[in-house]
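*Asks:* Can you build the whole structure from these sequences, using the hints too?
Each chain, written out:
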Amino acid sequence: MTKVGGDAREASWGDLLAAAQGGDGTAYRRFLIAATPFLRALARRRVYADDAVEDVVQEVLLTVHRVRHTYEPGRPVEPWLAAIVSRRSIDALRKSSRVSAREVHNAAAYETFADPAANTIEATESAKVLARLMGELPPRQKEALELTKLKELSLDEASAASGQSVSSLKVNVHRAIKRLRVEIGRDQSK
Amino acid sequence: MTDRPTEALIDVLSADAAPVKRLAAPLTRALATLAGLVLFGLVAILALPNADPLAMRGAGGEMQVGIELASALLTGALAVIAAFHVAVPGRWRGWLVVPLPTLALWLGMSGLGCWRDLARSGPSGWELGHSMDCLVFIVSASLVLGVPVAWRLSRAAPIDPLPVAALAGLGIAALSAFLLQFFHPFAVTFLDLAVHVVAVLIVMALASLLRRPILRPA
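First to last, the protein sequences are chains X and A.
Residue 41 in this note's numbering sits at position 52 of the first sequence; the count goes up by one each step and never skips.
Quick note, this note's numbering runs 424 ahead of the 1-based positions in the second sequence.
It should be emphasised that the hints constitute simulated quantities derived from the structure, not laboratory data.
The structure displayed is predicted, hence computed values, not measured ones.
All C-beta atoms, glycine included, are put in the ideal place defined by N, C-alpha and C.
Take these hints with a grain of salt, some might be off.
As the list claims (entries may be wrong) - Footprint (simulated), chain A over chain X, 3 or more residues, beta carbon under 8 Å:
1. 7 to 13
2. 18 to 32
3. 129 to 143
4. 156 to 165
*Replies:* Structural data, given as C-alpha cells:
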C-alpha cells in the first residue's frame, strides 16, 4: 500500500466514522463494510482458526459500535481499530485457553457415544434388556407405560384405549417406572 | 462457522446508528477533572482545621519537603492524565509509564526525609507515629476524589480497564497523599512512609478490583 493510498483511506474512513457519530447510518455501514477486511487481517495475525477470526471480527464490530464516540475526528482510524482488535483477540485467546484448561478431549467418548454406528451394539443390547423387563411387568402397568410413554398418547386417549381410569393410569405408570428402575439397577449390578 | 454472519451484524449495527455525543480529547477531559479536584482540595484545606503544618514546613525552607510534595502532586496529575489517555483505544501506550519517574522521585525524597529523621532522632525514627490515621485519610480521600475521576473515565467505556483503573488509583492516591501534607503534623518515619505506600497500594488494588462495575468497560 502506498503512503498516498493509505492517507486517502484514512481520510475516507475518518470522514465516514465522523459522519456515523452524527447518526448517518449509510456512512456507518460503508465504514464498517470497508473496515471489515482490515479487521479480519489484523485478527488473523493473532488467532488462527477461521471461525475464531470471524468471532473476533464480530466482537470488534460490536465494540466499535459501543465506543464509536471515543474516536476523535482528524486522528488516524487505523490505530483506534487496531487497539480494539488487539484487545478482543486477547480476550478470545484467554477464553479459548480457559475452555481448553477445563475441557478435555475424550476420544473414547466420541467413539462410544457420539458416533451412532458405534452405539448400535449397545443400543441393541439395551433394547433387548428393556423389552425383557417390560415383559415381566404386570399387564396393566405394561399397558399404561406403552400407551403413555412409548405411543405418547395423552392420559385421556390412553384411558379411552385401555379402559383404565386416568388416575389408575398415573399410578400404574409410576409403579412401572419404579419397578423398571429397580430391575435395571439389579440387571446392571450382575 | 459463526452463528451470526458478519454482514448481517453490520446491517443491524448500521440500522442502530443513533447520534452519539463525541468525547472531548483525553487531555482536555483530564485537565477539567483535575481542575475540579484542585477546587475540592482548596475547599477542604480552607474548611478543615489544623491545615497549617505544610505552611510551617514550607516557610522553614525545607527544599526536600518541597520536592517531595511537588513530585507527589505531579505523580497524581500525570497518572490521572495517563488514565484518561489509556482509556481511549489507540492512544500512545507510553502513557502507562509516564508517572513512574515522578513516583520514584516522590518515594525517594520521602525515604530521604525518613533517613534524615532517623539520623537526627535515633531509634525513634522507626516508630509508628499517627500513620494509621494517614492510611485512613489517604484511602478515604481517595474514595471521595475517585468518584468524579471514575465517572468521567467510564464515559470512554475503556476496552482494557485494568491499566486505566490502576493509573487512576495511583493518581487519586497520590493526590490524596499530597492533600494529607496539609494536615500532617509530624515528620514521617520509615514506618510512616511504608504505611503511606501501603495506602497507595490499597487504593490501586481497590480501583483494579472494582474496575468493571466502576468503569463499565466495553
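*Asks:* Would you mind marking each hint as holding or not holding in the structure?
*Replies:* Results for each hint:
no. : hint       : in the structure
1   : 7 to 13    : holds (count 5)
2   : 18 to 32   : holds (count 4)
3   : 129 to 143 : violated (count 0)
4   : 156 to 165 : violated (count 0)
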